[in-house]
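Asker: Work out the full structure: start from the sequences and follow the hints.
Note that the numbering used here gives residue 48 to position 48 of the sequence shown, counting from 1, and the numbers run on in steps of one.
Each statement offered as a hint is correct.
Computed Cβ-Cβ distance ranges for the label pairs, DEER-style: (1) 40 <-> 74: 42 to 48 angstroms; (2) 74 <-> 43: 39 to 45 angstroms; (3) 51 <-> 87: 50 to 56 angstroms.
Since the hints were made in silico from the structure, they are not lab data. Heads up, the beta-carbon is just placed ideally off N, CA and C, and yes, glycines get one too.
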Amino acid sequence: MNDWQAELEELFKQSTNFVKSVALKIEVPRVRSRAIVEPVIAPPVAKVTSSEREEIAKRVASFRAHQQRAIREREEYAASVLVRLKATLSQQS
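Answerer: Below, the structure written as structure tokens:
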């Protein structure tokens, strides 16, 4: 039993001697100086002219009309499905 302990002690001594014999130099990397970055200046806000406002208003009105048309078509479709469903149920009863 002492044989493996002696081998372990010998291995430990050899390892520590090896670590001490190896000279390790740690080089600290040099930090490069950074160039000064100019701050980004936001572009000036363009003035909205009345013609652009009119165009935006037309687009919004067109979009609202489209939405109303889609809502109306959806409601008409749902109503037609309900009518067909009621007709089918009344025929089966």
